[in-house]
Every structure is written in structure tokens, then in C-alpha cells.
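One letter stands for each residue in the lines below.
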Amino acid sequence: MLGDRFKKEYKNIIAKFEDKNSALLSLLHEIQKENGYIKEEDVNELSELIDLPYSKIKSALSFYTMYNLKKVGKYHIQVCRNLSCHIAGSNSLMEFIFDKLKLKENEITEDGMFSLSTVECLGSCGTAPVIMINDTYHENMDLEKLERLIDELRKK
Amino acid sequence: MPKIIIDEIEIEAKEGETVLQAAERYGIYIPRYCYHPALSIAGNCRMCLVEIEKMPKLQTACSTLAQEGMKINTKSEKVKKARQDALEFLLLNHPLDCPICDQAGECYLQDYYMDYGLYKSRVKLEDKNRKEKRLDFGQYLILDRERCILCTRCVRFCEEITKTGELFVSNRGDHSFIDIKPGDKINNNYSLNIADICPVGAFTSKDFRFKQRAWFLKEKKSICLGCATGCKIKAHYNENKIYRIMPDPNIETNTWLCDYGRMLYKISDSRERLRYCVVDSNKMDIRSGLLKIFDRLNSQLTSDKDKILVFLSSNLSIEDNLALFYFARTVIETENIVIDDLKEQKIEDGILLNTDKTPNSKFIYQLKNKYKLKTISEIKKEDFNFIIGYDSEIKKYFPKNDGINFSFLESDTRASLFPIKTYFEQKGSFINYQGYLRETEKIIDNDFSIELWSAINKLANYFSKYMPFNQIDDFEKIISKEGYKNK
Amino acid sequence: MKIILEKEAFDIETYIKNGGYMALKKAIAMNPDNIIEEVKKSNLRGRGGAGFPTGLKWSFIPKNVKDKYLVCNSDESEPGTFKDREIINKNPHMLIEGMIIAGYAIGANQGYIYIRGEFIKEARILEKAIIEANKKNLLGDKILNSNFNFKIRLVRGAGAYICGEETALLESILGKRGHPRLKPPFPAIKGLYDKPTVINNVETLATIPYIVINGGEKYSKIGVGKSAGTKLFSVSGPVKKPGVYEIELGMPFKDFFENYLGNMKEGENLKAVIVGGSSVPVLTADEAMSVNLDYESLQKAGTMLGSGGMIIIPERQCMVEALYILARFYHHESCGQCAPCREGTGWIEKQLKKILAGNAKSKDIDDAYEIANNMMGKTICPLADALAMPVMSFITKFRNEFESHIEGKCKLCQR
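Residue numbers (our numbering), protein chains in the order written: chain P, 1234 to 1389; chain V, 32 to 518; chain A, 1079 to 1493.
Treat the hints with care, since some could be wrong.
To give a feel for the contact side, a few chain A residues facing chain P, derived at Cβ under 7 Å [stated by the list, open to error]:
1) P1157
2) I1198
3) S1298
In silico BS3-like links for lysine-lysine, alpha-carbon gap of 30 Å or less [said to hold, decoys possible]:
4) K112(V) with K1441(A)
5) K1249(P) with K1299(A)
6) K1487(A) with K1253(P)
7) K1441(A) with K1244(P)
Just a few of them, taken from the derived set where beta-carbon distance is under 8 Å, the chain P residues facing chain V [what the hints assert, rightly or not]:
8) F1250
9) P1286
10) Y1287
11) S1288
12) S1295
13) N1373
14) R1381
FYI, nobody ran anything at the bench for these hints, they're computed from the structure.
Here a beta-carbon is modelled for each residue, glycine too, at the ideal position from N, C-alpha and C.
Chain P on its own, in the form it takes in the complex:
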């Protein structure tokens, strides 16, 4: 179900662009803000709401990796798996997350608090290893920092 907030906001979003097609990526970002992911029914609803064919929405949606099509945790941990972060030790971050949270790639914890995925280069290689949790970059990560971060988030 598209939230009320989206239904109020979407016309303003479209107004910022040339046309509703050009607004699509932003509209999808907005929908994802509600639940952290985009459901199949959201695509159908959006299609009717802005009168854009399902095929156009789904073909774009399935192309871009920032859109989650499955439920993610309250804190979605994304670990960069590209070269510089690998050299800096991203593997040990992944292992740590598995040890501490019993979380493997593309999984979500039972309590729904955390989910894990690997991503490609985040564009901050100088402070590798880098992870992204929801909208925030966490740079110069090490096991200590990671543990503190996870504990903090757990408390929230």
C-alpha cells in the first residue's frame, strides 16, 4: 500500500521534473522511504496513480540496485566488496557480522533489526573499508568501530 505521505507528496515530486517519466526514479526512492523496500503492489498502485504502464515502471525498477525488492532490516548494512575495500579488509567485516549477528549476505535477522548485502564501489575508497547503513556512509571501518556501531544501533 502506498502510504498517505507519498500520496500527498508525489504531485510535488513530479512538478520538479520535466514530466512524470523523468520523475520515476525519484518517485521510487520516495516509495522506498516508507518501508525500506518496494512491493509488487506498490508498482501496480503507482502505475494507476500516475498513469504510467506497469512495464515501464518494472523495467526501470528491476534495473537499478538501490531499490530493494525484498524486505530489509531496520538497519540495512551494505558492505563494499570492490578492490580497495577488499585490500583494506572488508572480508573481516563480513565475517564479524556473521559471527555477531548470525547474518549472511542477503539475509535479515529474526527480529528484523539488521539485514546484510554487499555492494559495489561506494566512491570513498580512500577511507576503506567503507560500509553504508541505510543512508549513511561509515568510513575507515574496523572491527572495533563496527562492533560499537552495531551495539549503538541495537539500543535505538
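Place chains V and A on chain P using the hints.
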């Protein structure tokens, strides 16, 4: 008109033509998957790469406009290698389905491999990507995602020709696949064209699935009789059985075929096919049946000639209608000849389907004008009880006809009934809505039905009357003499 | 010397105090064609990775067309590259000013910034900067009381490296899949919404104010030979001082490595260098130590300046594993439109995985090299080339490590 040179042959290209199109007109074939003359250019298969002087990289011939002075080479070593490489990439993840794939024998991958490939594969079977197979995509289509080479002809067809946009590419990279909204199907009445244009066995026809190997099929050209558009078709048959109908693309009338028209061939061996005569509720074979029917007409002629009405039909050929017409005039000696009410003729869906669902109205109207025939609404139906005509048409107006009906399919009429050959089983001329006179071709046959004009001929002989035709070819003279229009 | 990162300015007041927007003032009074001339004279080359001469690109825009667009490519997704982010974080208004001048020069009234979706903080910074500029009549209608109108629209991507390719970027702005277009027609003729469009990298645009104030000739004298100006290098890997450096083009790598990067960290040894983003051929340590950081020298050495995304690879990093990681990246990012890239990237990743695991033969290494070679020059966009070049250079220069994996004897991986 830019002059270009392809493989040292001077060619005059048309304004706006691509290298591929210009080459093709001069008989130089450049292999391709994603290019189709009726669709927009995609340029993604990379099979049509050619060498163009002064350009360091190979260029796709399908998307390169022919420009004055261009020198193109389609036979160099570089081009040969590029074709081999393009094939290798397309076949990298392609499944080894040939033994079970309907496309075999008319598959661009097989054909091009024999022409341009012939290399040893370096891929192990277990390394190939797996995708979903045998997906139900509509009344007539099955999709095999593994075989798909993502040329996007199908997507472009739905967007540009039927303008229904059902199909789209989903996901990214080599996980991409052709998709449709869940629960939706491609039911836009032109879906089987997608099976035609799919160069590989990804989209295949359910109707044709597993029925016959393509290399056993023979081809005859004919016309579709589903509506007044009268599309040109190719019938593929073997051993007296039609397996499928394909379009015979032409500039005047049709590039495509509608699904409805494609299925009409099934009438010939339909379960409801009329395979016997019915007289006084008795079933009998064609020979005995016709004799009985002649007797009945004889009785009616002597007792109550004025109650006889002859109903011409735009569902029937020129030959059959002329036979009926002459018969009415010279044997029955009546002016009670009628046709159905006039129908508007135009394309109703923007593509091929005509508002007039009968194939020969244009001829009937010419006949009407020449001989001042009346339409069914212009006569008093109660005046007649012995109608001679095409069963489906008569039934609409005379459900309790006691006359003579002829039909392709079984009928519960009270009239005497005899089976006529479909136009897959005989030659027949028709004039389509544009005024083109075209013929069907005899493709298959049987021994339980008769050509209508032949039955009429026999009937005339019975009454010792002369008809100006004994064989189908005799009609040609009549048609040209009487001046029935051929554009 | 530094041009873009000389002085930081997180808000418009500071930027103006640093001399900001003087270039715009000067530009507005100039003939647009003269601005293009100055950029041509400067020898500035596109800083995104392709290195196309900027002045030349601007000159392709037709004159007598009403609707034109200037697009800033802020998609920065090339592995090892993080310099545009630095510019946006430290000096966003230099980019904005450069954009307005570029728009004026080519006659565009609408500008776009396409920023990668993950740069959420940076997108907010740019939004704020745009509002600030609007308030001071540096954006909007009748800029600085001239007849020039220019607006900037910020568009966020959603996770696709391929959208850094010019025409894929345009497709993405239209709300479609990021599929690169067939060229010709080029964006200068048929770009965004089928109108003439210039697409420039963040760093390229941020260089424009300097060129306008000081003249193209002055800029051309910085650097060496035809490699004019300064370049931002983003350095990652186990050096003592990774980060973003702005240096004059032409500096020997050896100097850069020792005097700026501080050499390797304790206990690390240099094995290989990727100088310009993962898409360029790799250099061995020896090769790197004998090149200069400019377009010509690097081309002569068989590699490219590219985006300036420098990855320092230590001895302890197995090259087979490194290549596998890169192949996995390109496979993940391939848009899937054309067969050589779509199938080739996936297949190469699979091959490297097998080689890495010790399940391959020597022939498989040759096959991987050949398939990569066969992909080159055959595709709609250069992503296939971007994988092919690392594959071919890694296998050629570090063959012994690949052979070790075949024999199951890689000491670095214990495999």
C-alpha cells in the same frame, strides 16, 4: 541518392537508407538478429558489424546511414572474425535445446553458425546460466528465457506495431529476461507474429509446438479469408495436412497476420467439418446425396418456382458466386437473386482487422451494380421458402429454410445440405477491400467434399443446361471478359 | 599548485570571499564563443575518464537551436575514484559556477546534475548550494542583471555504474533503464529530450572558473606538453596517506608516491598500480616507478590516465583474486543490452572464479584472455573494453600468479 561501394560493388543507396538496407537490395546479405525492417533499430546483437574505410572500429550496418563515398567491406578477415565472435557470445549461455526446440531448421543461430561460425565451443554445459523455460505467455505463445538472446524484437513489436507494450526487459546484465506484468498475457490478436519474428526458439507457437519439424514442411502461397483485408499468406503443409499459416509480407496489404486469421486453417479437419450430405434427415455420401438434392430441386422447379431464392455470399469465391449466379439465371430462370446487406470496409484496429469480416464483398458489390441485384433488406422474406445458398449466411435470415444449403461445417438446418470444399482445398479468387484480386491455392484435399461450382456444373447437366465453365481455369476468361476489377 | 581544492568553502559566503563567482561576472560580459575559444586554448580534457577535449565538445553544439542542455555527470562509480565527492564536499560552488558559465557558453538555459544515488549527503549539499546561488541571483532569471537565464535541476541515480556513460545517463534522467544509446547521433546533436546536450564531469566543470578568470593560455601552460592543468587523483590502498590530491599533470609517479603518499604503510610492499580507475591496464611496480602522471606518458606506457582513481596494490594481494573482484564488478554492472558484454562479463567472472578455486587448466587462462580480447571494440559502449583491459593486462603481467592457482600453489591465498 548517396553512392557507396560495398565489397567493391558500386551501389546507389536511397536517401536515409542504412548500409544494411542498401546492401540487401543489391543481394549482399549481412547477418543480423535484432534488425527487422518493420521495427525500430536496436543495434544490440552486434552480428551485422562491417568494416568501413576511415573508421577504426567496426560499425553496425543496421544503424549506419549510407553516406556518399563510403567504402564498406563485408568480407574481410576482421569482419569474419567479428561474426564468429558475435556468435560465440550469443551461444555462450545458450542451452543445447536443438533436439527439442521447434525453431530447429529455421533458427538464425543454427544457420549463422553453419555460415559464419564453425568454431569449437569452449564452454562447459554446467557453466551455462539457467533461466526459466516453458512459460505461458498467452493463448498462442510460450517463452523460453534460456534460449532468448535479448534482441528485443518482441518488446519493440508490442510497443511499435500493436502499441500495447506488454513486454519489457527485466533485471540487468546476463540476468536480464523478457517479462510481462504478472497475471497478464499477450492477447492482442497479433501475438503469433512474435513467434515469427523471434529469431531463435525463445517465443514459440503453442499451436505448432512439437507437431512437425520445419524441414519437412512444404510451402504454398494463398490468401486469408477471415475478413475483407485478404492478407497474403504462406501455408506450411506436409502429407495433406496444414501445420501452420505464416504471413507473406507485401507492401500493398500486410506485413503481419492476425491470430484470428492464422487459426482459420483448422476448419479443414475440424471435428465439426461436414463430411456427408443430409437430405430429409438422412446422411449419405456426396454422390448419392447430390442426386437426391437434384431431385428435390426438380420438384420445386415444377411445383413452385417463384418461391426459390438464390443467395449469393461474400464468404465464397468469385467462381462459386458466378456459378450460382449463372445457375439462377439459366437453369432456374429466375431474377430472385439476393445478397447480404452492404458492409462498411475499413481497418478497424489500426493494423489489419477489417470491419467487414467476409473476404469477397468487393466482388459481390460489383456484381450487384452490374446486374442490379437486391440486398436482403430490400426483399420480402415471407415470399420465399426455398433458399439456395451458403448455410451460415442463410440461417441468419431463414432459420426454417426448406431449400438447399451448402456448408463447410455441420449444421442443424432443415434444408438439404451438402459439403463444399474449403478454399484450402481448391483455388478461389477473391477481391479484397483495396480492390486487389487474389487467389487461394489448393494445398490439401479430401474425398468427401465438392467444389461448389463443380456441384453446380453437375446440377446444370442434370437439367441439360449449358454452363460456360467445366474446370476452374475456365473462369479466368469470364472474369476478364466481364471486367471484374483487378487493381 | 592547486586550482579546485586550493581553498575550501562550505557555503556561498565563504566561496565569494575566496573570490568565487568573479568568473561568472566576467563570463556574462563576454561573447559565449570567446569562452569556448578560451576553453579550447586551455587544452582541458574531460576529467571523468574519457579525456575528450572539452572545448571541442562544446563547439559541437549547434548555434541556432533554442533548447539546449548542460548536464553535469556526478555519477562517480569507477572503482578507485572518489574525487568528485571531494569537490562537492569541499567546494560545491566551484562546480555550480562552472556549470553556469558552461551553460552560458553553449547557450543552454537548463542544467542538470546527475548524482549517483548513494551520494545522499552530497546531494543535500548541492541542493543547498543551488538554493544559495538562487538567492543571490546567480541562478534563475536574468542572472546578474543580464539576459541569461539558467536553472539547475538535481537528479538522483539509483545504483548503476553504467549511468556514468553519457548516453546511459540521459536515458536514466528520462526514467528509463540505463542503456547506452547507439552513436551517432551524438548528444551534441540529439541529447537530452532529443535536444543538443553537453555532458561534462564534475571536475571538468569545476575547472572552468579558473580558465575564464586567467585565460585558457595560462591554464595550458600548467602541466606538461598537451597534458594541461591540474588533476585530482584519488588514491586508495595501503599507502601511508591515501586520499584526494590535486597535482599538476606531469609529476613522476615516483615523486608522487614518495613525497605525497608517504610510501607504503609499514610492512607493505608495492606490487602493482592501477593509475586511473579500474578500467585502465594495470602497471607493475617497476613500470609505475618509471612513468609520469600525464596523458601522453601513461599512454606510452600502455595504460591511461582515465579518472585518476589510483589503486595501490600491495604484495600480499593475490592478483587473481583482485582481477576476480573487478570482473565481478563489471559483470554486476553490465546493462545487458549487447551480447559480447552481457555474456562475456559473466563468463569471465565464472572463469576467474574457477581459476581462483584451483579448478582450472592453463588453457582456461588463455581462454579468459581471448574472450576479453574478443569483446573489445565490438560493443555499444566501452564497458566491455573496461573489463577487457584489466583482464588482458593482469594476465599478461602477472601470469605466474595465475599459473600458481592452476597448480593449487598460491601462497597469498593458500589455494
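_Hint check against the structure, violated hint numbers in rising order_ = 3, 5, 6, 7, 8, 13 and 14
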